[in-house]
Amino acid sequence: MAVVLDRDSRIVVQGATGNVGTFHIQQMLEYGTSVVAGVTPGKAGQEVHGVPVFDTVAAAREATGCNVSLVFVPARFAKAAVIEAVDAGMEAVIVITEHIPVHDATYFVNYANSKGVTLIGPNCPGAATAGVQKVGILPGQIFKPGGPVGVASKSGTLTYEIVASLTEAGIGQTTCLGLGGDPIPGTTLLDAVKMFEADDETKAIVLVGEIGGGAEEEAAAYIRERNLVAKKPVYAYVAGRTAPEGKKMGHAGALVEKGVGTAESKLKAFQAAGVKVAVFPTDIAGFVKQDLGI
Amino acid sequence: MNLYEHQGRELYERFGIPCAEGFVVASMEELENEIEGAPFPAVVKAQVLVGGRGKAGGVRFANSADELRAHTEAILGMDIKGHVVQKVMVAQMLDFQAEYYLSFLIDRNARGYMMIFSPDGGMDIESVPEDRLFKIPIGPLEGFTAAHADAGLAGSGLDPGIQAQIRAIMEKLYRMFTEMDAELVEVNPLALTKDGTVVAADSKVVINDSALFRHPEFRQRDETLTELEQEARDQGVALIELDGNIGVIANGAGLTMATLDALTEFGGRPRTFLDLSGATDPEKVAQAVRLMKKSKPGVMLLNLFGGITRCDVVAEGLVHVIEKEGVDFPIITRIKGTKEEEGKAILARYGFTVGDTLQDACRKASETAKDMPLAREVSA
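Order-wise, the sequence lines are chains A and B.
When the letters of the first sequence are read in order and numbered with the numbering used here, they come out as residues 1 to 294.
When the letters of the second sequence are read in order and numbered with the numbering used here, they come out as residues 1 to 380.
No wet-lab data here; the hints were simulated from the structure.
To spell it out: a stretch of chain B is covered by chain A in this simulated footprint if at least three of its residues, at any positions, have a beta carbon under 8 Å from a beta carbon of chain A; those stretches are: (1) 98-111; (2) 210-224; (3) 251-258; (4) 264-270; (5) 355-363.
Keep in mind it's a predicted model, so treat the numbers as computed, not measured.
C-beta atoms are modelled at their ideal positions from N, C-alpha and C, and glycine is treated no differently.
Just need the whole structure built from these sequences, with the hints factored in.
Structure, rendered in structure tokens:
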């Protein structure tokens, strides 16, 4: 079944006619993603690589039955775009846009949650169910369909690196969720763990964390409490062991403040939960291979 | 973006929050324009973002215009922990009979807001016992309400008249927090003067960097960054200076962090964190290389993962720029992903050391840099 995205997902792209939107619509179509609509206010009637463009998400939904929105709109319009997508009845909203004001993100994350809508991002590479749908800016060729590994990550390229090493080792994936590196994410590592726990096809979970906040500790506490590793092994990599305190390491959320959010604390929490922790990102593929006998 | 105390005070005025009267000056000429209305006794404060300004002599008291001139002259241009004082705030000195604490902040773990109130302010808030700190979560959809104020004040034991004043300040400070896109507004102390008025006697305000387009008046030099970090930020590049000797460029923040971590596993000492992000535009890449040169690494380690952006395209762009800019340090590379072999061939052709794996490249970089001077020694 995988999580968030399946064969029935029908994607609408908000911010479809800009350079980034146009380029990635093409990339997604090549991967086989069901991109059924685009939205750019004032551009209704146009097409992007054969995909019809509408003025609003509601109009797109009525015409195409889209149920998942991908948001590329500029940061200053992102809040309105997410609210529009939620109000139009989307089941999931994936926000790629970076540098969104934190108050805007805090608002729309809570708004989506209050309506039961899965929000992924902001400032994320998107999500992909291997071989089925890739929604966002992830490179399609790194994935190997058929599972059994579910991946959730706070970073982009580092995730590609880990997924590519899994694929190279002959280990496939169910879904890869790029959660993003912002301080207020719509889907946390804990949310992702719960989704993968409930998914029958996912037999093992890979978590890629980084310094800042307490999302890793929160996920680890849940894994520990439920002794989840007895059911599905969990592997983790945490970036930023050598990051100095008080410096934002490229992501708005990657920041150790007053001793809170250190890699050490996260690694310790994972280890205490029975999660296997990797020193180098590509070690994970070896762990999975050994444990699952793939 | 961290604001200076006087900017916080000006925001208090804008939002109707009671605070000490005052003004800010950047020169003795400006002081002369203001001196007639100066409130005495006055406190004269260096406007810097580093702590310890009091100990450094950056906070003084003046009872007359002449004292005020003397103190302002002494503080302007003073060096406090490497920061030269550009501005001085002059404010009315108030006599306090009690000091409280009030802040609003973004609560990452709850993905919402939080108000913290304590009847024990004026000191480092970390040293206040938990049972004297009233932490009230606020849902961003509902916003701040009277119930939040009640919850914050319920255990304070303060006189109802004082509570009423604090309640009014809470409402205004929350408005300031949200309307100014602040990550933090902290009033410490929130003071009760001898005449029974509650005033905001100090300010710490952090405006969210991503929201500065809505508050362009606060686009300013961030003292917490080094010169080079500031220069990079102005160009939209994420660069952080560290104390080692290996400059790291990678594409993506997580991958760059992971590369620093991997280096240290082999005894390497990172000098520079530089996230190339998704940049392939030659001018953007050139900018990154120029910034790297300015950080004067002993060795540069380049770690690239090609996804949608192909390795050969990135490699080609980089070597052209590096050739053109001319660098005086060895370059060790590791490249992986789409069109990896082609990318490696390009890098090898230009004489860069090409590592087979991340570990291999990190080992090579660490060995090469082993006996090279560290950042501190270079700048000395």
